[in-house]
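**Student:** Read top to bottom, the protein sequences are chains F, R and G.
Residue 125 in my numbering sits at position 35 of the first sequence; the count goes up by one each step and never skips.
Residue 512 in my numbering sits at position 182 of the second sequence; the count goes up by one each step and never skips.
Residue 483 in my numbering sits at position 272 of the third sequence; the count goes up by one each step and never skips.
I should point out that these hints are in silico values taken from the structure, not numbers from a laboratory.
Here the structure is a predicted model, which is why all the values come from computation and not from measurement.
Please note that the accuracy of each hint is not assured.
Unchecked claim - Across the chosen pairs, the derived CB separations fall in these ranges:
no.: 1; chain 1: F; residue 1: Thr-143; chain 2: G; residue 2: Gln-482; range: 51 to 59 Å
no.: 2; chain 1: R; residue 1: Asp-566; chain 2: G; residue 2: Glu-468; range: 29 to 37 Å
no.: 3; chain 1: F; residue 1: Asp-158; chain 2: G; residue 2: Glu-229; range: 48 to 56 Å
no.: 4; chain 1: F; residue 1: Val-185; chain 2: R; residue 2: Glu-407; range: 36 to 44 Å
no.: 5; chain 1: G; residue 1: Arg-224; chain 2: R; residue 2: Gly-458; range: 45 to 53 Å
no.: 6; chain 1: R; residue 1: Ser-351; chain 2: G; residue 2: Gln-359; range: 35 to 43 Å
no.: 7; chain 1: R; residue 1: His-518; chain 2: G; residue 2: Gln-482; range: 18 to 26 Å
no.: 8; chain 1: R; residue 1: Glu-581; chain 2: G; residue 2: Glu-468; range: 40 to 48 Å
no.: 9; chain 1: G; residue 1: Pro-261; chain 2: F; residue 2: Thr-128; range: 21 to 29 Å
no.: 10; chain 1: G; residue 1: Arg-460; chain 2: R; residue 2: Ser-351; range: 33 to 41 Å
no.: 11; chain 1: G; residue 1: Glu-410; chain 2: F; residue 2: Glu-92; range: 44 to 52 Å
Here a beta-carbon is modelled for each residue, glycine too, at the ideal position from N, C-alpha and C.
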Amino acid sequence: MEHLKFEYPSAKRRVTKKAHVGVVGSGDMEVLMQPSETGAAHVSVQTSVNGFTQSWKAVMDRFFAGYDGAVSIHINDAGATPGTVMLRLEQAAEVIEQ
Amino acid sequence: MSFQVGLRGKAWFRALTGADSPRAGDPGSVLASDVALGKDTARFLCVVPNPQARFPCVRKGEVGLEEAYTLAKRIREVVEQDENQKKRPIIAIVDVKSQAYGRREETAGIFLAAAASADAYATARIKGHSIITLVVWQTISGGFLTHGYQANRILAFDDASVVIHAMHKEAAARITLRTVADLERLGHEILPMSYDIRDYAKLGLLHKLLHVENPDNPAPATVGQVRDALILAVDDARAGTTDLSNRFNSEAARQTRLAGLTARARMEAEWATA
Amino acid sequence: MSTATVEPEFVGRTSFIELDARSRAEMLMDAGTGRELVGPFERIESPWLPEQGIAPQSDDGCVVIKGQIGGKPAVVVALEGGFQAGSMGDVSGAKMTAALDLAARDSQNGKKTAAVLLLETGGVRLQEANLGLAVIAEVIGSLLVLRQHAPIITVIAGTVGCFGGMSLVAGLSSYVVMTPEARLGLNGAEVIEQESGIEEFDSADRALIWAINGGEQRVGMGLADELVEDNAAKIAVAVRKYVEAGLPRAHRSQQVELYRERIAALDVSQQIDPLTLRSSWGTAKKSGGAR
């Protein structure tokens with residue numbers, strides 16, 4: 091198990107909604123996205139697949155390159171591919187931005 | 331050492347009740363007898379191996395269709411008879427290999443048979459009969475849900491061969507593609523996965539661990555010791571509630587089942603305002 | 212000339228099986244009345260899974276939604292088949308047990324509250340072994356208290372089905388609704404093959420599995436109440452109907468004499484033909500207290 095953390099201090103736009111997407115099945119993950127209590131975005135990941143910190147950072151960087159909401163994100167992951175990770179993040183963001 | 335599951339159960343049933351044959355009309359695998367227990371008359375129940383069983387998959391002491399429905403019958407009989415009088419305690423002597431793993435059993439709905447037995451035990455408990463389970467050797471999975479796990483109080487012998495678990499080591503090893511040694515090691519790291527009865531006791535589900543001399547061939551004094559423990563358990567059950575809340579409210583449970591207790595506390599708090 | 216597109220109802224339907232546990236539970240509630248309790252954002256997760264390198268889920272695979280069904284108070288408890296095969300651990304078991312206890316308490320205080328259990332589960336979560344088994348015993352205990360006052364409706368839709376200790380929960384229920392894809396049994400074919408040999412049950416024989424455990428068979432032999440196609444709207448209608456119906460005259464799990472006699476009458480010298488049980492036990496032949 092690994093617990094990863096990422097900060098995105100420039101994602102500061104206030105959001106008001108919560109979103110929960112996904113099921114922690116094999117090769118999948120769940121995202122809990124809600125307004126950040128710190129005024130900027132931060133991410134925590136609990137993953138059963140070790141050794142992919144750089145891969146996670148790359149996906150998170152790419153997500154926040156296009157998203158500026160001040161969100162607190164928590165992910166429980168059971169081996170989702172970067173493509174699936176991005177999809178779930180986008181699905182969650184869509185709910186938040188409705 | 332017991333060579334076969336179910337023989338220690340039969341020995342203890344005989345030692346505690348003086349009986350070792352089934353009641354008229356019952357299959358050879360279910361023993362039921364009413365005997366004095368302290369100031370009460372108690373009904374003792376036990377599932378034992380029956381090599382002559384009609385169903386091939388229950389001959390080694392597995393709890394199958396006939397066993398489950400017979401238990402249900404013998405329990406409901408007590409409930410009915412005691413409707414307007416003192417509620418007899420019901421003592422489940424438990425030493426069962428497992429539930430029956432057979433196609434006939436699945437076809438004929440063993441899930442419902444098991445439910446019927448659990449229903450009878452729980453109904454008796456809810457109506458005020460003290461249900462005491464004595465685990466003398468093994469009890470696994472569906473066998474325990476059917477015979478014994480609806481008790482007010484559970485006692486077990488403190489013996490290295492006594493096992494309460496969700497799946498036999500050998501079967502669990504096959505399914506998880508591990509060695510038995512690996513599983514035993516894992517059991518030492520993850521408390522609820524342990525095959526050791528002393529670890530089971532730490533989960534807070536057990537009322538008493540009984541230190542018993544020569545459990546396969548007990549001396550009269552040992553039988554007396556166990557009988558006394560059963561009497562005390564009946565009294566303790568009578569003084570408590572008819573539900574199973576004592577299990578997760580126990581001191582040990584507050585340590586080992588904190589997450590479940592937290593979920594329950596949140597549920598109670600949120601229910602009111604939902 | 213216009214070309215009308217005919218969309219067969221079945222193709223246009225919402226599949227219940229394709230919905231996750233939360234969506235299934237929400238689907239059954241009267242609009243606007245459902246509120247999830249101890250939901251994912253509270254993150255009451257299993258402490259045992261991470262220790263074994265397994266990712267936990269924020270709701271431990273159990274969704275509890277309280278609200279109304281057909282205008283009547285109800286609580287839906289849905290197991291997530293996509294997480295650890297919907298298996299029972301300390302937290303998911305505690306959520307289910309507590310929901311049943313609270314529904315019972317409300318019912319005893321005059322507000323009859325039905326429970327709807329969406330059982331997509333293999334039974335005990337082996338990674339929590341003895342706690343998984345214990346919580347199933349506790350669910351059974353709590354169900355039987357509630358069942359004195361209000362009905363318990365179990366829905367088994369697939370693809371996991373309802374196996375292991377949780378099959379007893381189905382057996383204890385007031386009503387059981389199944390789809391043709393669903394299966395209900397104590398032991399899955401793989402376990403029987405493992406414990407008793409391939410002759411006893413060839414787990415590769417899918418036709419045999421559904422012939423014995425499938426929804427059509429269980430309903431046909433009278434061990435489940437209704438076969439509904441995999442259609443969320445139709446399943447919701449069935450659930451509403453049973454909530455409205457209230458407690459049945461008798462519960463299957465109380466009909467000991469009936470089933471004891473049926474078992475005694477079986478010819479077990481060879482395997483039992485499932486279709487024979489449909490004709491001898493099925494709802495077409497009701498007698499002496501049979502439902």
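**Student:** Name the hints, by number, that the structure is in violation of.
**Tutor:** 3, 4, 7
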